[in-house]
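Undergrad: Protein chains in written order, with my numbering: chain D, 414 to 523; chain P, 416 to 751.
Because the hints were derived from the structure by calculation, they are not lab data.
Bear in mind that the values here come from a model prediction, so they are computed numbers and not experimental data.
There could be a bad hint or two in this list.
Stated by the list, open to error - Below, in silico cross-link-like pairs of lysine to any residue (SDA-like), each with a Cα-Cα straight-line distance of 25 Å or less:
no., chain 1, residue 1, chain 2, residue 2
1, D, Lys483, P, Thr664
2, P, Lys528, D, Ile451
3, P, Lys579, D, Pro445
4, D, Lys491, P, Glu644
5, D, Lys497, P, Glu527
6, P, Lys579, D, Leu500
7, D, Lys497, P, Arg496
8, P, Lys528, D, Gly496
9, P, Lys563, P, Glu649
10, D, Lys497, P, Lys587
11, P, Lys656, D, Lys483
12, P, Lys656, D, Leu500
13, P, Lys528, D, Ser452
14, P, Lys587, P, Asn710
15, P, Lys579, D, Ala462
16, P, Lys528, D, His475
17, P, Lys667, D, Ile451
18, P, Lys528, D, Cys450
19, P, Lys739, P, Thr485
20, D, Lys491, P, Thr485
21, D, Lys497, P, Glu531
22, D, Lys467, P, Leu654
23, D, Lys491, P, Lys667
24, D, Lys497, P, Pro583
25, D, Lys479, P, Thr664
26, P, Lys587, D, Ile451
27, P, Lys656, D, Leu494
28, P, Lys587, D, Ser452
29, D, Lys497, P, Lys563
30, P, Lys628, D, Pro445
31, P, Lys579, D, Lys479
32, D, Lys497, P, Tyr584
33, D, Lys467, P, Leu666
34, D, Lys467, P, Glu527
35, D, Lys491, P, Ala662
36, P, Lys579, D, Cys495
37, D, Lys467, P, Lys587
38, P, Lys656, D, Asn481
39, P, Lys587, D, Leu449
40, P, Lys579, D, Lys483
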Amino acid sequence: MIDFGFTPLVASITDLDKANVNLAKQLTEQEPSFALCISCGSCSATCTAGQFTKFSFRVMCHQIRKGNAKEAIAEASKCMLCGKCTLACPRNVNTRNIISLVRKAQTTTP
Amino acid sequence: MTKTVAIIGGGVAGLETAKQLNSLGYSVKLFEKTNTLGGHVAKWDRLFPNKRHASEVVSSLTLSQGNTQTITETTVHSIKRENQGFVISANSSNHEADAVVLATGFELFPAEKKEEYGYGLFENVITSADLEQMFKKHGKPVMASGHKPVRIAFIHCVGSRDEKVNRPYCSKVCCVTAVKQAIEVKEALPNSEVFCFYMDLRMFGPGYEDLYKEAQSKGVTFIRGRLSESSEIEGGRVLIKAEDTLASTPLKMSVDIVVLMVGMSPLRGTNKLATDLGLSINADGFIAATDLHTNPTGTATNGVFVVGACTGPNNITDTINAAKATVLDVHNYLSR
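Could you build the full structure based on these sequences and the hints that come with them?
TA: What follows is the structure in structure tokens.
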């Protein structure tokens with residue numbers, strides 16, 4: 414193929430017709446509190462890792478719901494499991510369990 | 416013979432109920448534990464959405480009481496059914512009544528329970544009720560040192576929508592109260608910077624959305640994120656942290672005053688009165704309605720009625736409407 418020096422743009426729009434939301438479904442079954450987030454940001458505001466990296470538990474969950482499992486799984490490795498977010502969450506989401514389930518999904522999700 | 420109705424609580428719910436029952440010719444005994452009528456509203460400076468003085472509402476209710484027998488500084492200890500009526504024990508004297516209306520209201524969420532926000536620890540962390548007191552006394556917010564604040568942050572949902580303090584419900588009125596107070600701060604101190612930290616802005620009533628727009632046009636900054644913690648820094652100022660969830664970045668800022676928008680909590684002591692009368696308490700800790708849709712003011716006990724914020728967070732308008740509905744229920748019961 415001739416190299417024209419540029420490639421077609423990949424659409425950045427979220428297409429929920431094509432999105433693979435299997436990880437979101439799996440997490441909701443394994444840890445039902447995954448569904449209860451109201452995106453208040455308490456977890457990210459208190460996050461030790463998030464002060465130095467782009468890591469945000471809230472955004473990671475959101476990525477999973479949009480079908481971006483690959484990015485989310487990469488993100489989950491940044492968490493230091495300190496548990497402050499679990500203490501701050503007003504909806505009692507079991508954040509640490511979700512992180513460990515996402516990390517496990519790394520090896521088990523197709 | 417004229418029938419007697421006992422109303423427990425002299426806030427807006429109790430006052431409107433008393434006023435209407437009076438106009439129907441009933442003998443009304445209104446019990447109030449403090450020495451003033453008007454409840455929480457009497458402690459407020461101005462009201463949303465039109466910034467009217469709260470004292471106007473309270474005085475219009477107290478001045479139209481007719482023959483209501485108001486019994487202040489009197490705490491009701493127990494209410495017992497006797498023969499066809501009730502015996503109310505209050506401050507070691509007994510009163511008889513044919514029907515009872517519980518209008519016991521609410522209490523403000525004790526903000527010190529949300530320890531990480533620093534109320535009671537840091538002198539410039541105050542509640543929305545404290546700010547109303549400042550407006551009443553000084554017409555503007557003042558730092559504990561007496562200095563003029565330059566930056567003020569309002570924190571929504573303190574003691575509301577928070578399972579960590581066992582208050583999972585929305586208190587309804589704090590969003591619009593914060594917006595009202597933010598505007599008042601901008602009006603009193605035009606050079607100040609005012610921020611509202613919110614999760615959702617629940618502007619459900621007439622004129623509320625207009626108030627939100629007014630706040631925006633007056634320069635109030637809205638940041639979508641819940642406060643995680645506050646800490647005291649130099650000069651008694653306060654450092655607060657949240658996530659700016661719309662930008663997906665953690666955020667910190669220093670302010671001169673933090674205002675915690677405290678929610679409405681069930682009043683301690685009401686539950687015992689209610690359960691002794693056979694009433695049930697709902698999941699949020701308020702008195703449960705017989706039927707949320709078709710009978711919000713009736714109870715499972717004949718002759719006992721409920722009105723106002725003892726049934727859940729409410730604004731003045733809805734409380735007044737509920738009082739009128741309760742009066743009709745009481746009237747139907749006593750005319751049966």
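Undergrad: Check each numbered hint from earlier against the structure, then list the numbers of those it violates in ascending order.
TA: 7, 10, 11, 16, 20, 29, 30, 31, 34, 37, 38 and 40
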